[in-house]
Amino acid sequence: MRITIKIKRQESREAEPYFQILVWDCDESTTVATLLREINAAVINDTSGEPVNEIAWECSCLQKKCGACAMVINGLPRLACDTKIGEIKSNRIIIEPLKKFPVVRDLIVDRSVLRENLLAIHNWLEREAVVNKKNTDLAYDASRCLQCGCCLEVCPNFTADDSFFSAAAFVPASRILSELPKRKKYEIVTEYKKHIYDGCGKSLSCHNICPAGIDVERKLSNSNSVAIWKRFFSKE
Amino acid sequence: MSIIIIGAGLAGLSAAVTLAQNGVSSNLISSMQSERAQSVMAEGGINACLNTMGEDDTVENHFEDTISSGMYLADAEAVRGMCAAAPGIVERLGSLGVPFSYNDKGIVQRSFGGQRKKRTAFVKSSTGKMLMTALIDETRKFEAQGLIKRYPNHCFIRLITEDNKCCGAVVRNTYTNRTVSLRGSVILASGGLNGLFDGMTTGTTQNTSDAAATVFSQGVELANLEMIQYHPTTIAIQGKRLLISEAARGEGGRLFINRNGKPWYFMEEKYPELKNLMPRDVVSAEMVQVAAMPECDSQVYLDMTAIEKNVWNERISDLREQCVHYLGIDPANKPIPVSPGIHFFMGGIRVDREHRTSMNGLYAAGECACQYHGANRLGGNSLLGAIYGGQIAAQTAMKEAADNTEEIIDIAEEPAEVSCGFARTVSEILYKALPILRKEEELIAAKEELNLLKSRAGNRAELNRLNLALAAVMSAIERRESRGAHKRTDYPDRDDVSFKKQSVAKISGDKIDISFKEIKGRRD
Ligand SMILES: Cc1cc2nc3c(=O)[nH]c(=O)nc-3n(C[C@H](O)[C@H](O)[C@H](O)COP(=O)(O)OP(=O)(O)OC[C@H]3O[C@@H](n4cnc5c(N)ncnc54)[C@H](O)[C@@H]3O)c2cc1C
Ligand code: SF4
Ligand code: SF4
Ligand code: FES
Numbered sequence: 001m002r003i004t005i006k007i008k009r010q011e012s013r014e015a016e017p018y019f020q021i022l023v024w025d026c027d028e029s030t031t032v033a034t035l036l037r038e039i040n041a042a043v044i045n046d047t048s049g050e051p052v053n054e055i056a057w058e059c060s061c062l063q064k065k066c067g068a069c070a071m072v073i074n075g076l077p078r079l080a081c082d083t084k085i086g087e088i089k090s091n092r093i094i095i096e097p098l099k100k101f102p103v104v105r106d107l108i109v110d111r112s113v114l115r116e117n118l119l120a121i122h123n124w125l126e127r128e129a130v131v132n133k134k135n136t137d138l139a140y141d142a143s144r145c146l147q148c149g150c151c152l153e154v155c156p157n158f159t160a161d162d163s164f165f166s167a168a169a170f171v172p173a174s175r176i177l178s179e180l181p182k183r184k185k186y187e188i189v190t191e192y193k194k195h196i197y198d199g200c201g202k203s204l205s206c207h208n209i210c211p212a213g214i215d216v217e218r219k220l221s222n223s224n225s226v227a228i229w230k231r232f233f234s235k236e
Numbered sequence: 001m002s003i004i005i006i007g008a009g010l011a012g013l014s015a016a017v018t019l020a021q022n023g024v025s026s027n028l029i030s031s032m033q034s035e036r037a038q039s040v041m042a043e044g045g046i047n048a049c050l051n052t053m054g055e056d057d058t059v060e061n062h063f064e065d066t067i068s069s070g071m072y073l074a075d076a077e078a079v080r081g082m083c084a085a086a087p088g089i090v091e092r093l094g095s096l097g098v099p100f101s102y103n104d105k106g107i108v109q110r111s112f113g114g115q116r117k118k119r120t121a122f123v124k125s126s127t128g129k130m131l132m133t134a135l136i137d138e139t140r141k142f143e144a145q146g147l148i149k150r151y152p153n154h155c156f157i158r159l160i161t162e163d164n165k166c167c168g169a170v171v172r173n174t175y176t177n178r179t180v181s182l183r184g185s186v187i188l189a190s191g192g193l194n195g196l197f198d199g200m201t202t203g204t205t206q207n208t209s210d211a212a213a214t215v216f217s218q219g220v221e222l223a224n225l226e227m228i229q230y231h232p233t234t235i236a237i238q239g240k241r242l243l244i245s246e247a248a249r250g251e252g253g254r255l256f257i258n259r260n261g262k263p264w265y266f267m268e269e270k271y272p273e274l275k276n277l278m279p280r281d282v283v284s285a286e287m288v289q290v291a292a293m294p295e296c297d298s299q300v301y302l303d304m305t306a307i308e309k310n311v312w313n314e315r316i317s318d319l320r321e322q323c324v325h326y327l328g329i330d331p332a333n334k335p336i337p338v339s340p341g342i343h344f345f346m347g348g349i350r351v352d353r354e355h356r357t358s359m360n361g362l363y364a365a366g367e368c369a370c371q372y373h374g375a376n377r378l379g380g381n382s383l384l385g386a387i388y389g390g391q392i393a394a395q396t397a398m399k400e401a402a403d404n405t406e407e408i409i410d411i412a413e414e415p416a417e418v419s420c421g422f423a424r425t426v427s428e429i430l431y432k433a434l435p436i437l438r439k440e441e442e443l444i445a446a447k448e449e450l451n452l453l454k455s456r457a458g459n460r461a462e463l464n465r466l467n468l469a470l471a472a473v474m475s476a477i478e479r480r481e482s483r484g485a486h487k488r489t490d491y492p493d494r495d496d497v498s499f500k501k502q503s504v505a506k507i508s509g510d511k512i513d514i515s516f517k518e519i520k521g522r523r524d
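Residue numbers (the numbering used here), protein chains in the order written: chain A, 1 to 236; chain B, 1 to 524.
To be clear, the hints were calculated from the coordinates, so they are not data collected in a lab. Yeah, the Cβ is synthetic: ideal placement off N, Cα and C, and Gly gets one too. One thing to keep in mind: the hints can contain errors.
[Claimed, not checked] With a straight-line Cα cutoff of 30 Å, these simulated DSS-like cross-link-like pairs (lysine-lysine) come out:
#, chain 1, residue 1, chain 2, residue 2
1, A, Lys-133, B, Lys-118
2, A, Lys-133, B, Lys-117
3, A, Lys-193, A, Lys-235
4, A, Lys-134, B, Lys-105
[What the hints assert, rightly or not] Pairwise CB distance ranges (calculated):
#, chain 1, residue 1, chain 2, residue 2, range
5, A, Gly-213, B, Ser-508, 45 to 55 Å
6, B, Arg-259, A, Pro-181, 50 to 60 Å
7, A, Pro-181, B, Ser-508, 52 to 62 Å
8, B, Gly-521, A, Ala-120, 44 to 54 Å
9, A, Arg-127, B, Tyr-102, 13 to 23 Å
10, B, Asn-333, A, Pro-181, 39 to 49 Å
11, B, Tyr-102, A, Ala-120, 26 to 36 Å
[Claimed, not checked] Here's a subset of chain A near chain B, in silico, CB distances under 7 Å, partners left out:
#, residue
12, Thr-34
13, Ala-41
14, Cys-59
15, Ser-60
16, Gly-67
17, Val-104
18, Leu-119
19, Trp-124
20, Glu-128
21, Val-131
22, Ala-139
The shape of chain A in the complex, shown without the other chains (with noise of 0.2 Å):
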């Protein structure tokens, strides 16, 4: 099939971001990802006879199993690896950066912010992790997040510079918290009151968009009922 690829470009982070357009050949199975292989591969032109200079994106597995090549790609954030042509059902494709960060180069960002909001979470185990038959497929499926920051792109309540830190930090809390046993005092219920329970609307329009497939609002319920409820899943 023949498509139209509407790409923002930036040279850098001060640069003026624009627009270029390209028409490319592929069939419905090829990824995003594949796409950028290729046109970067390729020595083309755009739509108004300007070469197509190489396309800056991030990978690495290319089986979406480590959130690096997340974008926006027509309007909502997904993996480029795991996001085929045909799916997106228009000729027409438009990528983008993700909006929540600042952009490095093209389709490059600078997630650190994610990383800064888990040590600022203490998004790590204070005592020695208690694993049984409650809690093991909990830990599971949080322990899987990408960090990729997909579901930052959706919150509404999210920006970077904020002390509201969202899904990115709350799953991988969720796995902490479900781990610790019953205590008085843990520094990171402390700070994911703060950080996370005060300020989500529970609007929960991070649920479906997780490229993992993390049961999203589960690990948020689980999360709350640990650290502002007190349920722990064990007494140690």
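Given chain A, work out where chain B with the ligands should sit, using these hints.
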């Protein structure tokens, strides 16, 4: 004292945490953040003799399976150390919250290739991701204490050396292009040499092989580069090969090929003891051979249709989803077509038992290093080797490190990268020359082609890539025997007298030298 770690996969994290537990600080450099490292992709599990499955497993069994599958090409004492430490490592992972399943004896284990006992601890088919999440969170604890300083999106450029001593590294922030030099001893944990086979491996695009190529060009010895593992069950997908984890066979999957129109379970017939779970080098070579037989079709299938429902649900649900997603086949109902693909590099930076390289002040661990796996790696031993190797490298580096004051100096240096086209060309030559069954003419032809490419190398990085590729081909030429993953049609037998040794590649000037050295625990 501050130590520089290049790579934040399992080996790098393990080294950083070990240092931090001893109060030693580190700078943890990685081309991307840890969630993007290849370690998150590991599926089937991690080996340790926990003896929880009622099979009287022993550490000695683990040692024997490892050393014999590796065709006696690994340092026995090092392997012994790893196997002995394994149960402690896996139990510690449990206490860091890895959601293993438990029975009344402890962590549940599964069968894996080349092992006579159920010895592989797992979380479904996502073991690497689970281990990484736990270790990333543990690392974060020490980041908060200021003991680990992360430099994600930083690329290793080169070592700073003085008279065969490594005193630091130059790294570049790929987001800002700022290039700096850091002082301190260096632990390399930069992963496997995937970039040599661009787009042809089961692993990540991030492991470009540039780090190993660079230190090679700086005079560091590499070993056993010809030992490249083809995993028997992979499938070509866009841009790479998709792994169908050995867990598929560990949980009951069977390989067959149609012979005269009827399914032939060739592995079961030929190897009645371990059947489909023979070591990977054996299975892959058998697959190539049966597919070439005139009475057989050319496609081998993996049949998982007899696996029970609860096993699918509890142990390999993610593997099933992967097949449905990428192949459009539900493996519970229909056999899937599979073929061998490049998966792991047993060779790499030559290290001694303490993980010292041939250069003072430089250590290496994880898949970038040559240790533990000999001529063929057992599934489940690489996650273990990465964690254990990271620990040992950290302990040695700590012992030997001089008290350095931390200094970060800006450096003006033009970035040099291997272009896509150049990488492709090198990969195609290598892929042709280094298949499962190798021939001298093809190897020599590849050496000539690579030599001719030298004039086309546009920068330092491309020249380094080329030299690494040449070293791999030359090592394969010089090892005139068949052993483990290195199988030669012109030398089909094992030759212990000449070759129960490491092939060692070293560069001086622009001359690459390949020699065979005894497998010694201590560096000479
Ligand atoms: C699909 C798949 C499944 C697997 N399953 C299993 C399994 O079940 N059991 C098992 O034991 N093993 C398995 N393996 C093998 C195992 O995953 C790896 O060998 C192991 O994770 C390697 O860990 P590492 O820390 O050495 O390297 P990696 O995890 O690859 O990390 C390398 C690090 O180095 C960084 N890096 C690379 N180059 C540079 C550079 N130039 N500059 C800066 N940073 C750099 C990367 O960003 C990364 O942080 C599997 C591998 C694959 C591909
Ligand atoms: S529930 Fe709504 S406010 Fe809360 S994290 Fe999700 S999208 Fe954001
Ligand atoms: S919760 Fe899902 S969408 Fe959000 S960062 Fe994790 S993997 Fe990405
Ligand atoms: S490249 Fe890893 S998720 Fe797309």
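May I ask which of the numbered hints given earlier this structure violates, with the numbers listed in increasing order?
No hint contradicted; all consistent.
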